[in-house]
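Asks: Protein chains in written order, with my numbering: chain A, 1 to 242; chain B, 243 to 532.
These are computed hints drawn from the structure, not numbers from a lab. Glycine residues also receive a C-beta, built at the ideal position from the N, C-alpha and C atoms. Be aware that a few hints might be false.
As the list claims (entries may be wrong) - Here chain A is said to cover these stretches of chain B; the calculated rule only asks that three of the stretch's residues, wherever they fall, bring their Cβ under 8 Å from a Cβ of chain A:
1) 407-413
2) 416-425
Stated by the list, open to error - What follows is a set of in silico ranges between Cβ atoms, one per label pair, in the way DEER data are often shown:
3) B:Ser494 with A:Gly129: 49 to 55 Å
4) B:Arg336 with A:Gly41: 20 to 26 Å
5) B:Ser506 with A:Asn16: 39 to 45 Å
6) A:Ala106 with B:Arg336: 25 to 31 Å
Unchecked claim - Here chain B is said to cover these stretches of chain A; the calculated rule only asks that three of the stretch's residues, wherever they fall, bring their Cβ under 8 Å from a Cβ of chain B:
7) 54-60
8) 182-190
The chain contents come next:
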Amino acid sequence: MTDGTIRLDDAGVVMNGTPVWQHVTGCFTPGSMTAIAGANGAGKSTLLRAILGEVPLSCGTITRDGLHQRDFGYLPQARIIDRGFPISVTDMVLGGAWHQTGAFGAADRQIRQRAANALRRVNLDQQAGRMIDALSAGQFQRLMFARLLMSDARVIMLDEPFTALDAPTMQDLLELVGEWHRQGRTIIAVLHDIHQIRTCFPHVVLLSSGQAIWGETARILTPGTLQRAYDSTPGDWGNAPP
Amino acid sequence: MSLLSALWDPFASFGFMRRALVASITLGMGAGPVGVMLQLRRMSLIGDAMSHAILPGAAVGFLLAGGLSLTAMGLGGIVAGLGVALLAGLVSRRTHLAEDASFASFYLTSLALGVLIVSARGSNIDLLHVLFGTILAIDGPALYLMGGITTLSLCLLSIIWRPLVMECVDPGFMRMTGSRGGVYHMVFLFLVVINLVAGFEALGTLMSVGMMMVPAATARLWTRRLLPMMALSAGVGMAAGLTGLLVSYHFSLAAGPSIILTCSILYVVSLLASPTGLRAGRGASSWQGS
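If we strip away everything but chain B, and leave its shape as in the complex, we get (with noise of 0.2 Å):
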């Protein structure tokens, strides 16, 4: 087999590979951007534990819709990552804990909310896919709710830029300026939940955020400006998508772990090849004495 046949025959051949392929594509678009924010705003963290919390919504809509609907689990996923930052955000303001402190107590909750709901009515197989995704199940509809997430995710990043990116540097400039720096990490910790919910089907509740931060941390190994940051931390997750389907296609291995994996070997080099990576910290530092 030629490698070009290795690289076009899965694609050509099947129309779920096609379908896979621009779901990946389309996640790594909305997703790398947003993680890059998520990073800057020093919320890796709470990435991770939004992705849980949506589980109980999504579980909901499983129930109401009778099965795997990605509609119904999204509406539910959208609600209940919300509903989790909104009450993380005012237990954090109205105690002393801190808003990961809230967040972790809320995220737990949830996961274990969400697996006792789908345990309860649904099968083994319906919990594998709620929690690990089915990117090779993907059918057109969900598709179309990824491309509109994606796109009202870019629209929306572009238009609360300016103010996104003051309230990191500086809030007390944006409270001093009379702008709601508050409303702004609302909308964010809204793009964050949708591109997560975009996420769940594809890589499950607890893989759709490794699209979302690890191409993050590897554009952030190679640049220092925020915009080609953006956009590398895309097309990180844009080739790790594409990557890891053919590599789950040729070795007959699980779709999804193949493509945060991938996203991970390209971390792993870049944090031993790019300039603010390892190489970095190899300094000529030693101590004189006797």
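For reference, chain A alone in the conformation it holds in the complex (with noise of 0.2 Å):
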């Protein structure tokens, strides 16, 4: 197996007695940029959870070859966190040196300077001293962002990234994503725009009736696996745009 490889052999996650997802066989490569697709309650956000380690398999195996927690970055969905807490942007960014401060170091010259980076990379420098109540949601996602830089994870994992976010905001951390991608780390990001994940996702994991399709997003998302996921019709899908 390849070193930094996720691999699910016939996983399977059972919530209060229903099975969310059985039977999921797949690997995520080193480098790979995959898609999570399917329909409200597939369990999308619970196959990243998974992957995490935070959700106990009711069957197979995740195994995660020569990777750590610290190698791994997420993004949780925007409202899981609490935007009325009174912390400033520059602490909520440095929250992403975690793995070299631990939970009671304090951010040194370099950390910081870190911080001061990754917050000009999604263009929030002007935000730093603001507390993250004052942000709009679209400057917050940029500032989640920025704490994903600040990890300098191998495995970055977003949920639902681009929700609810304007297109130039949209455009700018897409272009974040792609330039991680280019560098070799591996993305496995939870979407539900088809045509952001046909034009910007190799690869995808459409999950369907509580199983998974997995394979190249050209290969797997055809109008007929998408009626089937998102029970509409093919017509929802098939003229969108390549």
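Can you join these two chains into the complex? Each is in its own frame, and there are hints to help.
Replies: Encoded structure:
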């Protein structure tokens, strides 16, 4: 197995007695860029959390070859974060250096410089001294990407990273994801926008009826598979631009 | 009587007033910052529940010591408070009940049990003391205990500051980093319990949470930064302690409720005067139509 591969072998998750998905087999190779798609409730975020080891498997295995916890960077859904908490933009982005500082260590000058650079990279350097509740949704998502930049992770996992963002913000953040991909990092992202998946993500895992269809995006996202996954008419998806 | 003598004489003349002042300042200093964090973690009602949860432990301490002993009742309160916190946490993890629902069930049970124990073996006066406190009867050992709890509380809070803050903002991130968010949560609940125990001799189990929550809510109206918020919360608690004792002395009112009501007055004034209070909502909005 290649170093850095994440492999699922007949994996399944059951929650509250109900199977979320079962018999999922496939692998995320190092440097791959994969979208996870599926209808609401299909278990997309659960799949991310299972890969992170947060959700116990009911069957099968997930192996993370040569990867440690510190190699993973995770961007949760924005709604999970308490944006009303009185914490500054700088303190929030410094959290990305947690693996260096630990829970009790101080951020030295080098780490602070990296934080400043990360904020500059996402065009948020002017907001460094503000509190997070003063940021717009787009600015907040830029902040979360800056924190990911700080973590310097080998595997970057994004849970609905572009939801409710305006087009320029989404474009900027997509460019950043592309940059991570070119650097050889593994990208796994839960996405809803089928057009975006087709244009930007070479691989996809489509969760449908408790199963996962895994492979190249162009081969997997057909009108038929999408209809089954989303239980809607093929026309909704078949006419989308390639 | 001059203003200066009105402010100075009660404390210069009476030792019990000096001890009450030191007690209320100590309580404000420890409980204020804890209260801010409790509110930011959206656990205000859990703080209230915890204040009731310590009652059966305090009652058992009362029985074992054969009277009002802060050490015995305090230790009993800590054990009972932490026991309820652990049980409520366990129930919320093992069932679909949320943590506040578990707390509500356990604290009502604890309150009933505590009142039953004290009333079965003590007098009504004892029960009143346990429920509403006796800040004017604070003695030296009780002051030492309060000082120790406040010192421990501020030290522990500063040690677990970063993980506690990050666990509040983004618990998923804490899990990702492999940090034990649950441990910091329990340490924080421990801080809540010991501060309530520190307060219950002075203000009783029913009102000790007031010194924690009302100053915190007041401070949140004036600043959006965490450290100044905690400092202001402590300051409001201490100022309310001083003012409440003076009001109680000069108008012959009960001291504990006077302190908490002073906190409440400061809160109402802040609601009216602070930039993020009621004034903030007064925008110019109107419907235009025919």
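Asks: Tell me the numbers of any earlier hints that the structure contravenes, in ascending order.
Replies: Going through the list in order, the structure violates hints 6, 7 and 8 and respects the others.
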